[in-house]
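Below are the chains, spelled out letter by letter.
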Amino acid sequence: MPEKKLQIALYWGAACGGCDVAVLDTNEFVIGVGFLVDIRLWPIAADGKYRDVEAMADGELDCTLFHGAIRNSENEHLAKLLRRKSKVLVALGSCAHLGGIPGLANQVTKQEILERVYLDNPSIEAGNRVVPLPSTRVDAGELEIPRFYRRVYRLDDVVPVDYYVPGCPPAPEQVKAALQALVNGTLPPARSVIGASNRTVCDDCRRRKEEKKVTRFHRPWEILQDPDRCLMEQGILCAGSATRSGCGVRCPDSGMPCRGCYGPAPNVIDQGAKFVSAVSSIVDSKDPREIERILGDIPDILGYAYRFGLPASLLQRSIR
Amino acid sequence: MGFEPRIVGFLCNWCSYTGADLAGTARIHYAPNVRVIRVMCSARVDPTFVVKALAEGADGVLICGCHPGDCHYSEGNYKAMRRFPLLGRLLRDYGIEEDRVRLEWVSASEGKRFAEIVDDMTERVRRLGPSRVKTLLEADRVER
Ligand code: SF4
Ligand code: FES
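Those sequence lines, one after another, are chains A and B.
Numbering of the first sequence is given in our numbering, commencing with residue 793 and proceeding in unit increments.
Numbering of the second sequence is given in our numbering, commencing with residue 177 and proceeding in unit increments.
No more than 27 Å apart at the CA atoms, straight line, and that leaves these computed lysine-lysine pairs for DSS-like: (1) A:K796 x A:K879; (2) B:K310 x A:K902; (3) A:K797 x A:K841; (4) A:K879 x A:K841; (5) A:K968 x A:K841; (6) A:K902 x B:K228; (7) A:K872 x B:K310.
To be clear, the hints were calculated from the coordinates, so they are not data collected in a lab.
Same shape as in the complex, but just chain A (with noise of 0.2 Å):
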């Protein structure tokens, strides 16, 4: 008799779909997939009602795949009732892990959104500047949509997350690992990052390292680049020496910069503050002044910093 076939959900919250679709670059691996396991909820390939994630019984589900953020109430709701399902959760990606891109709104209220969104914006035309409501009263009686929270969250703040699977999307191989480690059986001991590596970006970055001393900084179309030299020391701020690798190195070695998506190296606890560091040691000034100036270069640290893990930063919010 076959053994009984694991039973998975994929879900998303505040999220693009590019997890979504990192799951589906695994090609046939995914079509395979299907042979070995029963998937119960996945908005965006497959049907599903939530009525049905809900008549199932506590721990039914031996995995769901949450990505994305916590940005409303339904994420919150969906988050809960998963994880009371799931015998194992899984953060994948930036978004569920560390907040992700848009966890870079907790640097503004949720007024602020609403009235960029519903009021201001110029493409609104005028007789159609209205902020929806979180319920509604019409003729059939009470609408109701999810509630907008103030800030973003990372999935861990919502519910306890067995394993994280960084990346802004995670690199399809490294999704694959993951789900033949748990189709196998073969999972690490809980709340570890899985499908990345214990060093960082630039322990793997093929680039060339020389000695780093840099005195104007610049956005990557500024300067035609030396492809085979460090980035950092080429002005180029580069996130890798304060990101977890296991990404491959796609973007140094494509001409971009690392942005640090599969988020703090271990042993980092701040992500944005170590890459601070970094790039302020690699400055070619003992004179406050000029210091100044060559740091000026550099436009909206924070959001450079954090950029897919605000929320999952110390201070995790700006104050407003």
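Given chain A, work out where chain B with the ligands should sit, using these hints.
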């Protein structure tokens, strides 16, 4: 009761800590608001220490090292000098006021200078009022 700022001070072992010590042995009166942590060099102060102190409820953070050129490890304080402006901008983006975090050079013989810096910083932070960082983080917490 008035607000008494809690300021975390990172003082380098070789100059600034000795300077603070001198302020004590010379019986200079100054604000008791800085909790001193001795570090070997101002370069030891990882920006993480500063954000961690603020996240845990410090109203201010003071970093002191040897004067430029005098660092016991010759270049350490230049590293602190380079980190500080970018860290400051990061904190400002977080909405944390400039006066809450400060970098100063204090030599082993500058007990009086140390006392003046502490008094001045304490007054500035007092005027800003208590830091809201920790309260807001706690108010944000979700029941898991
Ligand atoms: S800083 Fe960027 S380009 Fe330089 S070694 Fe690290 S990952 Fe490679
Ligand atoms: S030892 Fe004092 S700053 Fe380095």
